[in-house]
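Quick note, the sequences are listed as chains A and B, same order. If you count the first sequence from 1, you need to add 247 to reach this note's numbering. If you count the second sequence from 1, you need to add 23 to reach this note's numbering.
There's no promise every hint is true.
[Said to hold, decoys possible] If you anchor each label on the Cβ, the simulated ranges turn out as follows:
id, chain 1, residue 1, chain 2, residue 2, range
1, A, 277, B, 125, 25 to 31 Å
2, A, 269, B, 111, 47 to 53 Å
3, B, 213, A, 439, 48 to 54 Å
4, B, 227, A, 450, 43 to 49 Å
5, A, 450, B, 272, 39 to 45 Å
6, B, 243, A, 457, 22 to 28 Å
[As the list claims (entries may be wrong)] Beyond 10 Å from chain A on every Cβ pair, some chain B residues (computed):
id, residue
7, 126
8, 183
9, 190
10, 191
[Unchecked claim] What the simulated footprint calls covered on chain A by chain B, stretch by stretch (three residues with Cβ under 8 Å from a Cβ of chain B suffice, anywhere in the stretch; the number is not a length):
id, stretch
11, 302–308
12, 384–390
These aren't lab readings, by the way, just hints derived from the structure by calculation. Backbone N, C-alpha and C define an ideal beta-carbon position, used for all residues, glycine too.
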Amino acid sequence: MAAEWIPSVDRERPHLLKLPPWSEAGDPGHEVSDALLVAPSLRGAVTLLCGPWPLRPGDFRRVQELLAAASLSLWSVWCQEEGAKVAAASLGLVVDKPPPHQDLIAGQGGQRQQRNTALDASALSIHQGTVRSGDHPQATGSLLVLGDVNPGAQVSATGHVMVWGKLRGIAHAGRSGDRTAQIVALHLHPLQLRIADQVARGPEEPPPHGLAEKAHLVNESIQIDPADPSWPLGCVPAPRPGLSSGGQGTKLA
Amino acid sequence: MTPVTSAPARIILICSGKGGVGKTTLTANLGIALAKLGERTTVLDADFGLRNLDLLLGLENRIVYTAQDVLSETCRLEQALVKHKQQPNLSLLPAGNPRMLEWLTPEDMQKIVKLIAAQADYVLIDCPAGVEQGFKNAAMASQEAIVITTPEISAVRDADRVIGLLNTMNVAPVQLVLNRVRPKMVANQDMLAVESVTDILALPLLGLVVEDEQVIVATNRGEPLTLNGSATAAGKAYHNIAKRLRGEDVPLIDPSKERKGLRARLMNKLRQSGLF
């Protein structure tokens, strides 16, 4: 039994690829390659619906390679197993956005959702673990890194970038032009900071110990200030239906 | 894709990313040290392009068959394995010729390692520098890894990249060896401190090896330090790494403190002898 395709009806949404019910002996690589054999000539982004499959980074990579060979790109995943979420996040995949057209998955007609939930800029992606040199997790919406961002690594998001650890690499907030985006870290000692289209070198001196700092745009230049204790909790609203989406970021509360 | 798990042996990759930080020296010394502790150890030279593990072990002139011959089944594994002269517990599977790089696949590597693992307690894989196919082949055949680095920012940066790649390849645990530490330079803040390196790499520290001229002498002789020169600082460090790898609790010695201790001990001795 191969994975099942649910092609996207319009160009803005990813195609869905649904893995069959999980079994111990199953191989996600086989399921996907089997599905590719029967796939109509699909192109573009794919969301992988993993269900309870306990996939690991190696498995996601394999799926990425298989899809890439067929001119498709794995853009996001939706999974129930915690380890799989972490694995996908570590590869920079968007995790756990509610599937864009849930009605199709349930197999019921119903009305299609008006909003493209998966591309909502106010969404929060979580990257668990250290981001090491050469890695580059990217998020649509805000990105929270639970770990350090090492020198040589880069993190970027269309919304805010928050690092619960030491930021020593490069961070880019507001990648698609949001000038209200901020970069916050418990230890802000980056090589370079980018907010929207502005670029700044990091400070030479290490930051004071135990003081979280934020970088934000003040008069077209990047400025570092002590982080606001109430931030970022107050300013990443949970996705609400009816909220306009797209390139716009969230406004500061 | 899956590493060999059915084998009873521990399959350990020794890698660094950057070249010249001491992968091959560590592999040779650790191999000897483990063999001395009674472990059946096989070292595999996965650096097909620039092989020199055989040189360090002084086994160059005994090589008849290589990994290539084992793969093409022109010989049995037992024929290709080169036993060490003084430490029969240690054997080497030499790398084939550099052209193997063109066709060797991860599956080939896994096949070789599986064969070796069936008759060893420890398999140490000497990884080539870089993060290209040679590294990937070796990493895919390994279960765990030791990343070796020196206290220089370029070596630390490369080690960080390698650790990230190992994490995505399901190689765990990954442990760290810090090589060529110069306590005096660290004390003068001319060299990265041990803490700065472990702070960035965030790995358990398996060992610290101080800079030691005897390593060069040993390399040129083809007799790893652990073979005879266990009294040297580096030789002792390699032995301690082997013990920690087996799970023994050997405290890590901070080289800067060790130095002070030595000087203090010498001074004490001089005082006691009544010279002062």
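Against the structure, the hints come out as follows:
A hinted range of 25 to 31 Å for the beta carbons of residue 277 of chain A and residue 125 of chain B is consistent with their spacing of about 29 Å. Separation of residue 269 of chain A from residue 111 of chain B is about 49 Å and conforms to the stated range, judged on CB atoms against 47 to 53 Å. Taking 48 to 54 Å as the suggested C-beta distance range, the pair residue 213 of chain B and residue 439 of chain A does not conform, at roughly 26 Å. Remark: the range hint 43 to 49 Å for residue 227 of chain B to residue 450 of chain A is contradicted by a beta-carbon distance near 31 Å.
For residue 450 of chain A and residue 272 of chain B, the hinted distance range of 39 to 45 Å is satisfied, since their beta carbons lie about 42 Å from each other. Judged by the Cβ atoms, the range 22 to 28 Å given for residue 243 of chain B and residue 457 of chain A is violated: they are separated by roughly 50 Å. Remark: the non-interface label on residue 126 of chain B is consistent with the geometry, its nearest Cβ contact in chain A lying 20 Å away (cut-off 10 Å). Under the 10 Å C-beta cut-off, the non-interface status given to residue 183 of chain B relative to chain A is violated; the minimum distance is some 4 Å.
Annotated as non-interface, residue 190 of chain B brings its C-beta within 10 Å of a C-beta of chain A; the closest such distance is 7 Å. The non-interface label for residue 191 of chain B is inconsistent with chain A: the shortest C-beta to C-beta separation is roughly 4 Å, within 10 Å. Under a criterion of three residues with beta carbons nearer than 8 Å to beta carbons of chain B, the stated coverage of the stretch 302–308 of chain A is upheld, 4 such residues being counted. Three residues within the 8 Å Cβ limit are the bar, and the stretch 384–390 of chain A against chain B gives 0, so the coverage statement is violated.
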